[in-house]
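**Q** Sequence:
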Amino acid sequence: MMFPSIHDMFGSQMSQIPKAFQGWFGENANLMSTFSGFTVTELVGNVGIMLVIMTIIFGSSFIAGDEEKNILQPLLTLPISRKAIYFQKWLALSLINLIAVFVWGVAVICSAMLVDEHLTFIVLVRTASMFFLTNLTLGTLALSFGALSGKRSIGGILIGVYTFLSYFINALAAQSDIVEKLNYLSIFKYANYISLADTAIEIQNVSIIFAMLLISFCLGYVIFYHRDIQMN
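The number in our numbering is simply the position in the sequence shown, starting from 1, with 1016 added.
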């Protein structure tokens, strides 16, 4: 419902915003004046951050939460391995994230129909795909930190702070050389949602995010598998 009211505003007002801060709005060739541009900026970058937060909360709670509530310890006395528990928790996190992104995609389509705007299907597919991968990576980071520490706060706070800083650093990367260099540590630089309105997903970016996911998954599993788990 916000899109019609800002459709005409951005083209005329963007020139008055300092160039260093134009990236905050994702303005690229009048990007925000199209619904596809609105999707990859507001509906992913700003509104979509709520799904990111949800994924981090679930990720940090799935194993560490059970351990803090003394649910995990009795479970390990049953004929079920830590490997099975870890993989099943991660698969549950993946499924929740997939459903959330699917619902988000349906909501975007319905919104486009509601305001009678055109949304290119391929833009939605590649945006949703990168959105899913990025969210799953952050959720996996939270899951692994929670699993290796046994504390929800470790996974939730550390990855929450990282996500928060990554989001703002990426938005303001053009402001200075220092911020631009720091942006190489931001997962949102490689998600690069804004470019998806015009260009295909870059394999290099996918590889970097997938490497983050794989490393965090394996690190969390190895430490969780070997560490001592006791009743609180």
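A couple of the hints might just be wrong.
Said to hold, decoys possible - With a straight-line cut-off of 20 Å between C-alpha atoms, the simulated DMTMM-like cross-links for lysine to aspartate or glutamate are:
# : residue 1 : residue 2
1 : Lys1197   : Asp1214
2 : Lys1085   : Asp1193
3 : Lys1167   : Glu1218
4 : Lys1099   : Asp1244
To be verified - Restraint ranges, calculated between C-beta atoms of paired labels, are given here:
#  : residue 1 : residue 2 : range
5  : Cys1126   : Pro1095   : 41 to 49 Å
6  : Leu1094   : Ala1190   : 37 to 45 Å
7  : Glu1218   : Val1119   : 22 to 30 Å
8  : Gln1220   : Lys1099   : 26 to 34 Å
9  : Ile1194   : Ala1227   : 44 to 52 Å
10 : Glu1084   : Phe1137   : 40 to 48 Å
11 : Phe1180   : Met1129   : 18 to 26 Å
12 : Ser1145   : Tyr1200   : 33 to 41 Å
13 : Met1247   : Leu1111   : 43 to 51 Å
14 : Lys1085   : Ile1173   : 40 to 48 Å
15 : Phe1118   : Asp1214   : 19 to 27 Å
16 : Lys1197   : Met1070   : 42 to 50 Å
Keep in mind the hints are simulated off the structure, nothing from the lab.
All C-beta atoms in this analysis are idealised placements derived from N, C-alpha and C, irrespective of residue type, glycine included.
**Q** All hints, please: hold or fail.
**A** Hint-by-hint comparison with the structure:
1. Lys1197 - Asp1214: Violated. Lys1197 to Asp1214 sits at ~25 Å, over the 20 Å cutoff.
2. Lys1085 - Asp1193: violated, 46 Å
3. Lys1167 - Glu1218: Since the Cα atoms of Lys1167 and Glu1218 sit roughly 35 Å apart, the hinted pair is violated (cutoff 20 Å).
4. Lys1099 - Asp1244: With a Cα-Cα distance of about 15 Å, the restraint between Lys1099 and Asp1244 holds, given a limit of 20 Å.
5. Cys1126 - Pro1095: 41 to 49 Å: At 46 Å between Cβs, range holds.
6. Leu1094 - Ala1190: 37 to 45 Å: violated, 54 Å
7. Glu1218 - Val1119: 22 to 30 Å: Since the Cβ atoms of Glu1218 and Val1119 sit about 26 Å apart, the hinted range of 22 to 30 Å holds.
8. Gln1220 - Lys1099: 26 to 34 Å: holds, 32 Å
9. Ile1194 - Ala1227: 44 to 52 Å: violated, 25 Å
10. Glu1084 - Phe1137: 40 to 48 Å: For Phe1137 against Glu1084, whose Cβ atoms are near 44 Å apart, the range 40 to 48 Å holds.
11. Phe1180 - Met1129: 18 to 26 Å: With a Cβ separation near 33 Å, Phe1180 and Met1129 fall outside 18 to 26 Å, so the hint is violated.
12. Ser1145 - Tyr1200: 33 to 41 Å: Given range 33 to 41 Å: violated, Cβ gap about 22 Å.
13. Met1247 - Leu1111: 43 to 51 Å: violated, 29 Å
14. Lys1085 - Ile1173: 40 to 48 Å: Since the Cβ atoms of Lys1085 and Ile1173 sit about 19 Å apart, the hinted range of 40 to 48 Å is violated.
15. Phe1118 - Asp1214: 19 to 27 Å: Taking Cβ atoms as reference, Phe1118 and Asp1214 lie about 24 Å apart, which means the hint holds.
16. Lys1197 - Met1070: 42 to 50 Å: violated, 31 Å
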